[in-house]
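S.K.: The residues making up each chain are set out below.
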Amino acid sequence: MGLFTQSVQVTLSTAGQPLRVDWGGHSWRVCARPVRWYRRTAWWEENARAQRGAGAGLVDEEIWRLQVRLGARDAPRTVHLSHQPQTGRWRLINLPDQAAGHEGERRSA
Amino acid sequence: MSFTHLHVASAFSAHYGVDWPEALAEAAAADGATALACTDRDGLYGLVKHVGACQAAGIAPIAGVDLALLPPARPGGRPASSRVAAPTRAPGERERPQGRVVVLARGTRGAGGLGTRFLPPTRRGTQLPAPAGAGYAALCSLVSRAHAAASPHDGGLAPLRDLSPEARHTRRPRPGAVGPSPDPQVGIGVTAAQLAGLVRAPSGAPALTVLLGPDSDVGRAAASRDYRGARVALRAWKELLGPGALAVEVVSHAAEPGAAYSTAHAVRMLRIAREAGVPAVLSNAVRYLLPDGAATADVLDAVRLLSPLSLGLTPPHPGEVLQANGQGWLKPAADMRTLASELAYELGGGAEAAVELLRDTEDLAEASSLEPVADLGWGVPSVPEASVLGLDGDPQAILRARCEEGLERYFGPNAPSSAFGGGGRPGARERLEHELGVIADLGFAGYFLTVATATDLIRSLGVRSAARGSGASSLVAYLTGISHVNPLAHDLIFERFLSRDRTSLPDIDVDVESARRHEVYRELFRRFGSERTTLMSMQNAYRARGAVRDAGLALGVEGEETDAIAKSLWRFSAGSFREAIDLMPELRPLAQRLEADRAAGGHQVDLLVDLTERLDRLPRHISMHPCGVILSDARLLKRTPVQASGLGLPMSQFDKHDMDSMGLLKLDVLGVRMQSTIAYTLEEIARIHGSGEAVYAAGQHERVSMGAWYEGRKEYSGVIRRVPDGAGAPDGLTLPDAAPTPSGTPLPPWLGEDGVIDLSLVPLDDEATYEMIRTTNTLGVFQIESPGQRELIGKLAPTEFNDLIIDISLFRPGPMQSDMVRPFLEQRHGFAKEAYPHPDLEPILAETHGVVVFHEQVLRMLDVMTGCGLAQADVLRRRLGNPAKEPAVERFFRAETLKRGYPLPIIDRVWATLAAFGSFGFCKAHGAAFAVPTYHSAWLKTHHPEAFLAGLFEHDPGMYPRRLLIAEARRLGVPLLPLDVNRSGRRFAVEEIPGARGVEAVPGVRASGRLGVRLALSLITSLSEAEAVRLEAGAPYDSVADVRDRARPTRTNLRRLAQLGALDCFLVQGAGGRADLVHHLDAQREGVMNGTGARRGAGAAGARKAVRQQVDGQMALPLGVDLETSALTPLFPEPTPTQRIREELDLTAADLSGHLMSAHHSFLDRVGATPSDRLLGLRSGSRVLVAGVRVATQTPPMRSGERVVFLSLDDGHGCVDIAFFTQAQHATGPLLFSSNLMLVEGVTRRTGPRAVSVQALKAWDLQDPNTALPGADYLERTEGEWRAALRRAPELSVPGEAGGWYRGIVRAGVNGATAAELAPAGALAPTRAGAASGAGRGARRRVAGAVAGRPVPWRPGDGSDATGGGGDGLGALGESRVKRAGGMG
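If you're matching them up, the sequences are chains A and B in order. Going by my numbering, the first sequence opens with residue 1, and the numbers climb by one from there. Going by my numbering, the second sequence opens with residue 10001, and the numbers climb by one from there.
It should be emphasised that the hints constitute simulated quantities derived from the structure, not laboratory data. Quick reminder that beta carbons are idealized off the backbone N, C-alpha and C, glycines included. Heads up, some of the hints might be wrong.
Just a sample of chain B residues kept apart from chain A, beta carbon distances all over 12 Å, derived [to be verified]:
(1) G10814
(2) N10882
(3) R10909
Coverage of chain A stretches by chain B, computed from C-beta distances (three or more under 8 Å per stretch; other residues unrestricted) [what the hints assert, rightly or not]:
(4) 40-52
(5) 68-78
Here are the simulated SDA-like cross-link-like pairs (lysine to any residue), alpha carbons at most 20 Å apart as the crow flies [to be verified]:
(6) K10331(B) x L70(A)
(7) K10638(B) x A10201(B)
(8) K10899(B) x V10864(B)
(9) K10656(B) x M10624(B)
(10) K10567(B) x P10072(B)
(11) K10567(B) x A10600(B)
(12) K10885(B) x L10870(B)
(13) K10567(B) x D10606(B)
(14) K10238(B) x P10072(B)
(15) K10238(B) x A10201(B)
(16) K11258(B) x P11130(B)
(17) K10331(B) x N47(A)
(18) K10656(B) x E10683(B)
(19) K10899(B) x L10841(B)
(20) K11258(B) x F11163(B)
(21) K10331(B) x R36(A)
(22) K10331(B) x W23(A)
(23) K10331(B) x R33(A)
(24) K10331(B) x R39(A)
(25) K10331(B) x E10026(B)
(26) K11258(B) x L11164(B)
(27) K10331(B) x A15(A)
(28) K10331(B) x Q84(A)
(29) K10567(B) x R10543(B)
From just these sequences and the hints, can you work out the full model?
M.R.: Laid out in structure tokens, this is it:
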């Protein structure tokens, strides 16, 4: 994938939605409704094994797009996280393609 | 509120779905669902199993299908594409479907949608739902129509696309397939108009509901944000289908925003639906049960599209992309509700949007819930209407009348007493009344009359037929001509076939001549009508080899590589591939490769193994069941969808497991090549001899026994019958002087004046035939030609017909693996005393020497000891072997037997026997039905080997390749007359050899040599049918030119004819020979291709003319001399025998002029190999080298659980059977399964009175140029090492126990094979009387070991063999169809 990834800590709401993201000593607050999707991976290239019963997380990865900000008056930033349900790990990833304006998507008819 | 999944593909969606209906239904029920749909792709393949699974899980079944939508364009005014019905469409041009839709059938389990949006009131008021069955019937019609769409030219029945594995991998279709197509189901689909035509019941109520999901035209427009297009399309659908029959299927797999199947995509569709006033339902477009299944789905997609996974992300065609992600699993209700809320939120509406979505989903589920009996006719037997059977009146009365007729015919006053069996004459009447009573109670008279009509039909075509299976147990079947086995004479039990305790239709199978079976099918269709008849389908599942190939395809591994791996795989399930790599010796190289790959950081081989395991047992393709014919009443096509079968007749999408559930009558009409062979043989016999007398003389039918010949007496005379009718002549009938029979003696009843034999009248006690069988030279004989069978026959040594029944019944994994056969053989040969647990059981078990072999015996045992009656006994028998049901049977048995006063130890013993063998028994009726053609084919081989061989060549019935039969012909001394354009026809024919001196024929041993078999033109694999017809029709020819002119073979084929010697008859003494002719023809061909002498542009005709001009003066003038060949200069040397054989193998797949091993003879001599026919003469336990062409490979289940590989090699002198135990398998490696010509070092062992086999130590591949073959005098040179190894071996046991019998080759095991000097010197062979009396007395026995070459005697169960005995149980089963594409799985 060639992405820059870094491990982060995420605090979830009772409904399983991210509330806070802790990284690099700072704690960002999620300030808009998170968007989640599943992106398929080329598992036949990346994985060593694909045995039956390997479970979820082989074919796709769970991606979150969050609007976060440090403080109430700071400008919100968009970050993308990858979540591994089996290990519970969250990683910050950089998705250049996804950068701008799918927010606009929701508003169009 | 629960959630119902409405769009679910099961594993029966080939190359699409992953999980079985049972698993899906169970999971849904466990999650609290009340219903589940099965919407397989392009058909209802999994539906019956789905309905059964839902019933078992306690939920309602919903039926649907996922179909492609074909142009004409979307409804709504766009110009219709002309592509669909245009006959000018190029074959193979893919129909670009306009998306896919899901269609659900309405059901009557619930209120049918009353009060919901799916049954809105019409202008006239409240609609009533569609009546029971209407929804399902419409669904069946729809699916059938979708398949008819695939080839509009064919009157509605599409030829099956080429689904063969070969086509998938080479992308070259087999001839006859319609165009290369990656997706085997291309072209299948419906137009919107067709949908509209079926969507409503006659009453106007909706019978079907169409779901427009993300893959529909509406969905695709929504995906690309073409709102206008989507809205227009949806409106058009609404108009076309009317209210209540349409819904939008909202699916979100949470794909990346902007992509298809994203939440945004789903929201768009939801919005469009609401705006258009169309109900929206939520589904998850399920393809697998759990998230893990997504990877398997990816692999299936790659295989379906014939393109590696890596291309799947950027495919050449849109719509052929891999799934967006792995979220298409059977998500629990909670997840789906969360999803609904998310969608509602994104929609901008409140929570009501989610509530409405979920409620509409459940409303549609309820409206589509099926009531199996009312909607599908579940479990209700259906037979053709009486009027169709030509019956006027009560079926039961008509059946009785037919039976009375039969009774007169077969059991009339002139019938011999043996025909009545134990019950005597009154027994026949009693039995008939009993059977008719049961049939009347069950209401099955119509069934029997249907089957009788079918068999009448077959008989009227003049086709040989024979019922098989438990149907042979029925007297009614015998009397109405359905079966040809007399159940009274063979003591068969009706209840094994049918009783009041059964509720489902019985099963009757009929064997017919394979070559004419299509004729039979067509006649059945014609007679019963196409609305009542269909063929049946079957699902072919992935096995290891196919799974590896397809997994390799998905990973993009080179075809050759996967091919090599696939070829070394043998007979284990794909699912245990990884385990097999660890265990199987022939996979060592692959295991090593795996290690190397991992060490280098790669993972391709690991992935290959993983993906192979994932494909295990998934359906690979559907094909026509080779024999099933479904006969039903006129509602058939409303109860099953049909598709093309490839025969021009429709086939049901249901397979044999679905028949019972749907109450369908299935008749298995099996094309059995042996029947064709037998028919052909009889024709040839009549043709070549022309008169009954000649047939009788040629077949030496006056000889009763050839025993003297076998014993080696010089002046054998055989024992002669006095009365040439053979009927009831006891074995060994002797006459004081063997006077020749006076002429004018009447012919026996089975032989006509014209030389036509009626096999049904041939008595079943011909001693010469049994003698032949006992030699185990049974190649070509039905059922008993496999190496394992030959071994068993050798030991069992049949002397009468019942022995054949027993042999066939014993030769199965159950009895062979458990310890059934050994005691049987021991008791039979008098080495052990027969023991009956109780005197009551003696009459039942006497025929099998105390061993329980037949189901019928189990029935009688249960009945005698518990008084439960035969009907109940059959019910109990079926439960034996079922761990869940057996305990109840045991309780009943013990209770009843105790009541009757049987002592407890006896009860224990009998129960132990029943439990052990009850489920292993064989239906004697089945065995009897099989034993008949076994006996007939053996009888024909014994007395008329030439005609029988011609029949074998022509119809190729057995497991062995034709070349082995050719070798058998040589062995028997039947000359094979070479290909000759003036004599060879399209079929193999018996020909008299004028002036042949011949030898005295010995029935069963050798032929006279005066009759030969002329090889047929059909041997030349490249010759087309048309060419062969012309060649045959134009004979005789005067010259090569004559052949060329009148038969017009292609130049290449003419050259092939020359290569094979078919033109040798035109060669002139002193002029050029065969090789020169071949070169001459080559030169001509090239000349033509260069256009020499022809005007440019003259084309083929001009070229031909030029050739004629070239050989001007050599036109086909009937001068009696071929001017062309006489002008040949003898330049080239004749091909050597080896070259000749090689050419023959290339062109005909058979070594015709000599055995192909002859090329290796000098090497084999040098190295000291033993010809197969000399093995019997060696001492048992001799170390030998044997070699040959592999003709069979088997890995039967062994008692020890270890795998033993049995090979048969043909070395031109006969076949040698070789067993490879574990150590030998390791020593041999992958060539064990992949090599065709082998040299094997091993040790001989006796396996029967006249049989021997070899236990392997190691093997070499004779064709591999890189192998280091042993040098000259190998055995002598390695003698020292060998003895040393023996001394180390622990298994030397020469017991001094009673009988002095030695343990021969010991059991398989890690220590491998060792062989001792097997008998102490001076041990004597016992006589049979001595054996019976000497057992247990410790008498010393000595074998004349001093006599060189005298074979050491054998006794069953002495552990001297791997298949029969004291050690590790039996084996040698499961024939491998080596010649048939190597068992590709």
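S.K.: Run the structure past the numbered hints and jot down the numbers of the failing ones, going up.
M.R.: Hints 5, 6, 10, 11, 16, 17, 18, 22, 23 not satisfied by this model.
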